[in-house]
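As they're listed, the protein sequences go chains A and B. Okay, so the first sequence: first residue is 1 according to this note's numbering, each after it adds one. Okay, so the second sequence: first residue is 1 according to this note's numbering, each after it adds one.
FYI, nobody ran anything at the bench for these hints, they're computed from the structure. Note that the Cβ used here is the ideal one computed from N, Cα and C, for glycine as well. Worth double-checking, as some hints may not be accurate.
What the hints assert, rightly or not - Derived pair list, reagent style BS3-like, types lysine-lysine, alpha-carbon separation capped at 27 Å:
{"#": "1", "chain 1": "B", "residue 1": "K53", "chain 2": "A", "residue 2": "K3"}
{"#": "2", "chain 1": "B", "residue 1": "K57", "chain 2": "A", "residue 2": "K3"}
{"#": "3", "chain 1": "B", "residue 1": "K18", "chain 2": "B", "residue 2": "K71"}
{"#": "4", "chain 1": "B", "residue 1": "K55", "chain 2": "B", "residue 2": "K71"}
{"#": "5", "chain 1": "B", "residue 1": "K53", "chain 2": "B", "residue 2": "K3"}
{"#": "6", "chain 1": "B", "residue 1": "K3", "chain 2": "B", "residue 2": "K55"}
Unchecked claim - Computed beta-carbon distance windows for the label pairs:
{"#": "7", "chain 1": "B", "residue 1": "G16", "chain 2": "A", "residue 2": "L80", "range": "40 to 50 Å"}
{"#": "8", "chain 1": "B", "residue 1": "V12", "chain 2": "A", "residue 2": "Q42", "range": "34 to 44 Å"}
{"#": "9", "chain 1": "A", "residue 1": "N53", "chain 2": "B", "residue 2": "T83", "range": "40 to 50 Å"}
{"#": "10", "chain 1": "B", "residue 1": "K53", "chain 2": "A", "residue 2": "P76", "range": "37 to 47 Å"}
{"#": "11", "chain 1": "B", "residue 1": "T15", "chain 2": "A", "residue 2": "N19", "range": "41 to 51 Å"}
{"#": "12", "chain 1": "A", "residue 1": "Q42", "chain 2": "B", "residue 2": "T83", "range": "16 to 26 Å"}
{"#": "13", "chain 1": "A", "residue 1": "Q42", "chain 2": "B", "residue 2": "F20", "range": "34 to 44 Å"}
{"#": "14", "chain 1": "A", "residue 1": "T104", "chain 2": "B", "residue 2": "R9", "range": "18 to 28 Å"}
{"#": "15", "chain 1": "A", "residue 1": "E58", "chain 2": "B", "residue 2": "K53", "range": "32 to 42 Å"}
{"#": "16", "chain 1": "A", "residue 1": "P93", "chain 2": "B", "residue 2": "V12", "range": "33 to 43 Å"}
{"#": "17", "chain 1": "A", "residue 1": "Q42", "chain 2": "B", "residue 2": "K70", "range": "17 to 27 Å"}
{"#": "18", "chain 1": "A", "residue 1": "N53", "chain 2": "B", "residue 2": "N96", "range": "18 to 28 Å"}
{"#": "19", "chain 1": "A", "residue 1": "E14", "chain 2": "B", "residue 2": "S65", "range": "44 to 54 Å"}
{"#": "20", "chain 1": "A", "residue 1": "G15", "chain 2": "B", "residue 2": "E79", "range": "50 to 60 Å"}
To be verified - Okay, the calculated bits of chain B under chain A, using three or more residues with CB under 8 Å as the criterion:
{"#": "21", "region": "41-54"}
{"#": "22", "region": "93-100"}
{"#": "23", "region": "103-110"}
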Amino acid sequence: DAKTTQPPSMDCAEGRAANLPCNHSTISGNEYVYWYRQIHSQGPQYIIHGLKNNETNEMASLIITEDRKSSTLILPHATLRDTAVYYCIVSSPHSGTYKYIFGTGTRLKVLA
Amino acid sequence: DVKVTQSSRYLVKRTGEKVFLECVQDMDHENMFWYRQDPGLGLRLIYFSYDVKMKEKGDIPEGYSVSREKKERFSLILESASTNQTSMYLCASTGNTDTQYFGPGTRLTVL
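Using the sequences and the hints, build the whole thing.
What follows is the structure, encoded as structure tokens:
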């Protein structure tokens, strides 16, 4: 199963873009990249996912490199409520469903 | 919106007790998952189920069992709770896509 590597922590000024990197150099062709975030004492919340194309939704943008070995989650205008742990996950087909391999995530602190 | 609920937010049990953690989803999802989350270790998969009465071991199944008698409900059972099972337990479900939707979690303390 492909693993992910993320920096343990990052700071970002309120109103600025937060760019969270992730390495997944062993990813296979049929494995998706997912991003979730977890605010203290709550369950992880889905943000965005992609296979090889860049993706954008109302929460964030996901940029995946052409070789798919790394990706970046972009929060375009970070707010204090975006302070959370962000998980980059590779989703692998397994027994008719998909298995997530969680890393230890990046703790993002948005500063006023 | 998908809703995944867990029976308790906080639970305190004694060593040796049998513990049931329940998870219910309201979106007719086929797949359901149980994870535990510990500081420094992230989320680790305990068991998952891809259909009623079907289950498969995850990465850390030892000391746990599961039950899925109805599609919407997936139970995690600690047959004889031990202190090293003190943790946050998270349930998730997926339907036709592989996007997992998580419940709020149950923080279990075993004394």
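Hint check:
Under the criterion of a C-alpha separation no larger than 27 Å, the hint pairing K53/B with K3/A is inconsistent with the structure, at around 30 Å. At roughly 19 Å between alpha-carbon atoms, K57/B and K3/A fall within 27 Å of each other, so this suggested pair holds. For the given pair, K18/B sits about 23 Å from K71/B by alpha-carbon distance, which is consistent with the 27 Å threshold. Distance hint between K55/B and K71/B is fulfilled; the C-alpha atoms sit about 12 Å from each other, no more than 27 Å.
Taking the CA atoms of K53/B and K3/B, the gap is near 22 Å; set against the 27 Å cutoff, the hint holds. The suggested pairing of K3/B with K55/B holds, with an alpha-carbon distance near 22 Å, which does not exceed 27 Å. Against the hinted window of 40 to 50 Å, the Cβ-Cβ separation of G16/B and L80/A comes to about 44 Å, which satisfies the hint. Checking the proposed 34 to 44 Å range against V12/B and Q42/A shows it is violated: the Cβ atoms sit about 20 Å from each other.
With their beta carbons about 47 Å apart, N53/A and T83/B fall inside the hinted range of 40 to 50 Å. Checked against the hint of 37 to 47 Å, the pair K53/B and P76/A passes, with Cβ atoms roughly 45 Å apart. Against the hinted window of 41 to 51 Å, the Cβ-Cβ separation of T15/B and N19/A comes to about 46 Å, which satisfies the hint. One distance hint, 16 to 26 Å for the beta-carbon pair Q42/A and T83/B, holds here, with the actual separation near 25 Å.
The beta-carbon spacing between Q42/A and F20/B, approximately 22 Å, falls outside the hinted interval of 34 to 44 Å. A hinted range of 18 to 28 Å for the beta carbons of T104/A and R9/B is consistent with their spacing of about 24 Å. For E58/A and K53/B, the Cβ-Cβ distance of about 38 Å falls inside the hinted range of 32 to 42 Å, so the restraint holds. Between P93/A and V12/B the C-beta distance comes to about 39 Å, which sits within the given range of 33 to 43 Å.
Under the hint 17 to 27 Å, the C-beta atoms of Q42/A and K70/B, about 26 Å apart, fit the expected range. For the pair N53/A and N96/B, the supplied restraint of 18 to 28 Å holds, since their beta-carbon distance comes to about 20 Å. For the pair E14/A and S65/B, the supplied restraint of 44 to 54 Å holds, since their beta-carbon distance comes to about 46 Å. Against the hinted window of 50 to 60 Å, the Cβ-Cβ separation of G15/A and E79/B comes to about 52 Å, which satisfies the hint.
Counting residues of the region 41-54 of chain B whose CB falls under 8 Å from any CB of chain A gives 7; the rule of at least 3 is met. Only when three residues or more bring their CB closer than 8 Å to a CB of chain A does the claim for the region 93-100 of chain B stand; here the count is 4, and the claim holds. Here's how the region 103-110 of chain B fares: 4 of its residues keep a CB closer than 8 Å to some CB of chain A, so the rule of at least three is met and the hint holds.
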